[in-house]
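Number of protein chains: 2
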Amino acid sequence: LALKGSNYAGLLERHRIHTKNVEHVVDSLRNERIEVRLVKRREYNEETVRWADAVISAGGDGTMLLAASKVFDKFKPVIGVNTDPERSEGHLCLPVRYTHSFPEALQKLYRGEFRWQWRQRIRLYLEGTGINPTPVDLHEQQLSQEQYSRAHINERFQDQRSEISGPHLLPVRALNEVFIGESLSSRYAVCSVSFRENYKSCKPSFKFSLHRASYYEISVDDGPWEKQKSSGLNVCTGTGSKAWSYNINKVANQAVEEILKIAKKHGGLNLPLNAELVQKVTNDYNDSLLYSPEEPKMLFSIREPIVNRVFSSSRQRGFSSKVCVRSRCWDACMVVDGGTSFEFNDGAIASILIDTEDALCTVLLEE
Amino acid sequence: LALKGSNYAGLLERHRIHTKNVEHVVDSLRNERIEVRLVKRREYNEETVRWADAVISAGGDGTMLLAASKVFDKFKPVIGVNTDPERSEGHLCLPVRYTHSFPEALQKLYRGEFRWQWRQRIRLYLEGTGINPTPVDLHEQQLSQEQYSRAHINERFQDQRSEISGPHLLPVRALNEVFIGESLSSRYAVCSVSFRENYKSCKPSFKFSLHRASYYEISVDDGPWEKQKSSGLNVCTGTGSKAWSYNINKVANQAVEEILKIAKKHGGLNLPLNAELVQKVTNDYNDSLLYSPEEPKMLFSIREPIVNRVFSSSRQRGFSSKVCVRSRCWDACMVVDGGTSFEFNDGAIASILIDTEDALCTVLLEE
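Line by line, the protein sequences are chains R and Y. Going letter by letter, the first sequence gives residues 0 to 366 in the working numbering. Going letter by letter, the second sequence gives residues 0 to 366 in the working numbering.
You can't tell identical chains apart in this list, so a pair holds if it fits in one copy or across any two.
Simulated crosslink set (DSS-like; lysine-lysine; CA at most 30 Å straight-line):
| no. | residue 1 | residue 2 |
| --- | --- | --- |
| 1 | 264 | 279 |
| 2 | 260 | 296 |
| 3 | 279 | 228 |
| 4 | 264 | 249 |
| 5 | 226 | 19 |
| 6 | 264 | 296 |
| 7 | 260 | 226 |
Read the hints as simulated data drawn from the structure, not as lab findings.
Given only the sequences and the hints, what does the whole structure look like? Please build it.
So, in C-alpha cells, the structure goes:
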C-alpha cells in the first residue's frame with residue numbers, strides 16, 4: 000500500500016478507532032447482560048439474523064446497508080452505530096455522540112424515550128427471456144478460483160432455467176435505491192491489467208471505463224412505455240433521497256445564478272439578483288429533492304438524459320408507486336444499495352415498487 | 000446473441016449498410032486515381048498514418064476519435080464519413096448526405112469549396128510516485144493470454160521506472176475530453192462472472208459496479224489547490240463541449256421550471272411563468288455550454304459534486320487554460336476520449352492543458 004503512495008498509517012489509525020468503538024458498544028451491551036454475537040461482514044448471514052432480537056451495525060452507512068440487506072422481518076429492529084465518523088456521513092446511524100456513550104442510547108431504549116421508524120424499502124420483480132436472477136454480492140473484493148467455478152456452474156444452470164419467464168421476486172430489498180445502467184461498455188472493455196501482491200493466486204483484475212449510454216424503456220405507474228437513453232436510471236426511497244439520488248438531482252449555486260441571470264435578461268426578474276436570493280432558491284430546490292423515509296413512494300431520476308433540443312414532455316424526475324423498465328442494454332446491471340447486482344440485459348423486464356410489508360424497523364431516539 | 004435476446008438481424012443489417020457505405024467511399028476515391036489503403040481498427044497504426052496524405056474514418060463518431068488518436072501531425076487532414084447515420088450523431092463527421100454521394104465532397108475539396116478547421120486538443124502530463132504512464136487501449140474487447148503477460152511484464156518494468164517522477168508527456172491528445180474518476184470501487188468489486196462462447200479461451204470477464212466517489216485535489220490556472228469529492232472530473236475541448244460534457248451540464252426543462260417557480264415564490268419573477276419562457280431560458284442555458292472547437296480553451300466540469308449545504312464558492316464548471324489534478328483515489332483512471340486509459344491513483348499528479356501545436360486538421364465543406 001505504501002509503495003502505491005497510499006496512506007497506510009491513516010488506514011491503520013482508522014481501523015484502531017473503529018475497533019475501539021466496536022468494543023465500547025459490545026461492552027455496553029454485555030454490561031446490561033444482553034447476549035451479544037459479534038460478527039464480521041463475511042460471517043453475517045440470515046441464520047445470525049434469525050438468532051438475534053435486534054441487529055446493530057458498527058461501521059458507516061455502508062455497513063448499515065449491509066446489515067439491513069439480510070433483514071426481511073418487519074419487526075426486527077436494525078440500529079446503526081457510526082464507528083467511523085471522520086469518513087461516514089452516518090445518515091443511517093444514530094447521532095455520533097452515542098458512538099462514545101452507547102449506554103446513554105441503551106437507557107433511552109429502556110425508558111421508551113424513542114419512537115419506531117419504519118424505513119420503506121423497494122422490491123424488484125424480474126422477468127423476460129434469458130434473465131439471470133442470480134444475485135452477485137459486490138462486497139466481496141475478489142472471487143476466489145472456487146467462486147469463479149461456482150458462478151460458472153450457476154451460469155450454465157441458469158441457461159437451462161431461462162425458459163421460466165414468469166416474474167421472479169428478487170431476494171433483496173433496497174433501502175436506498177436501485178440503479179440501472181450499463182456496467183461494461185464493450186467498446187471500452189478492458190482498462191488495464193495489474194497483478195497485485197495481495198491476490199491469493201495470480202489473477203488479473205480488470206478495470207473498466209465508465210461511460211456508455213444505457214438504452215431502456217420505462218413505464219411509470221402503468222403509463223405508456225417510453226424509450227430513453229441516459230447514463231442510467233435511479234429509483235430511490237425516502238431514505239435514498241438523501242443519498243445518490245440527491246447528488247444526481249441537486250443543482251449548484253452557480254447554475255441557479257446563471258439561470259436567474261438569463262431569466263432576468265428576458266425581462267423576467269424584478270428582484271435584484273443577489274447572492275442571498277440565489278442561495279435561497281438553490282436551497283429550496285435542493286430541499287425539495289428530500290422526503291421522509293417512511294413515505295411509501297419512490298423517486299425516479301434519469302441520470303444525464305440524452306435528448307435532442309426539441310421540447311420534451313417526459314420528466315427527468317418524479318414520484319411514483321411503480322416503475323417498470325425493459326432493458327435494451329448490452330451489458331447492464333441492476334444494482335441494489337451499491338451492494339448487490341443483477342444482470343439486466345436486452346430482453347429483461349423489471350418491475351420496481353414499494354410494499355409496506357418490506358419496511359425496515361429502526362429507532363429514532365428522543366433528543 | 001439471439002439466445003441473449005439481442006437483435007442479431009438488426010446488427011447484421013447495420014453491418015451490411017456500413018460495408019456498402021465504405022465501398023462507396025473507397026470506389027469514389029479510386030475513381031479519382033487516389034491511392035487508398037483500407038484498414039480495420041486493429042491494423043490502423045502510426046505507420047499507416049505516416050504513409051497517408053490524409054485519413055478518412057468510416058464509421059461513427061467513435062471511429063473518428065480512433066482515427067484522430069493516431070494523428071499527431073498538425074497538417075495531416077482527418078475527415079470523418081458517417082457510415083452509420085441511424086446510430087451515430089456524426090458530430091465529428093461530414094454531413095450525412097455525403098455518405099451516399101462522396102464524389103460531391105471530393106469535388107468541393109478539389110475546387111477549394113471548403114475551409115480548414117483546426118480542432119484543439121488536450122495534452123496530459125503525468126508525474127508523481129508510483130505512476131504508470133502505460134496507456135491501455137479500451138477498444139480491445141478482451142486481452143489475449145499473450146497480452147496479459149505482456150501487460151504483466153510492462154507492469155513489473157514500470158515498478159522499476161516509478162522512481163522517475165518527472166512529468167511524462169503522455170502519448171495521447173484528447174479530441175473530446177479527459178475524464179478522471181474511480182473506475183473500480185473496491186467496495187463494489189466484482190459484479191458477475193460470465194463465460195461467453197465467443198472468448199477464444201475460457202477467460203472470465205468481470206463487470207464492475209459504477210459508483211464510488213472520487214477524491215482528488217484540483218488547481219485551476221495555477222490557483223489554490225482545492226479538495227473535492229465527486230462522481231468524477233471532465234475536462235473537454237470545444238469539440239467535446241457537445242459530447243459528454245454537454246450531458247453532464249445541461250439542465251432539464253423541468254428543473255428550470257421549478258427553479259423559476261421558486262424564484263417567483265420569493266417574489267422575484269414578474270413575467271408570467273409560461274412554457275415559452277421556461278423553454279427559452281433552458282435553451283439559452285444549454286447553448287452557453289457549447290463553444291467553438293477552434294478555441295484554445297478547456298471547460299472543466301465536476302460531475303455530481305458531493306458538498307454540504309454551506310454556501311460554496313468553488314465553481315462546478317468553468318473555462319481554463321490549465322487544470323492540475325492530484326489523485327487521492329483508490330483505483331481511478333484518466334480516460335481520454337473514452338478510448339485510452341491511464342492509472343491515476345493516490346500520489347499521481349496530472350497537468351492538463353491545450354497546446355495549439357496539437358490541433359487536429361479537419362475540413363468544413365461549403366454549403
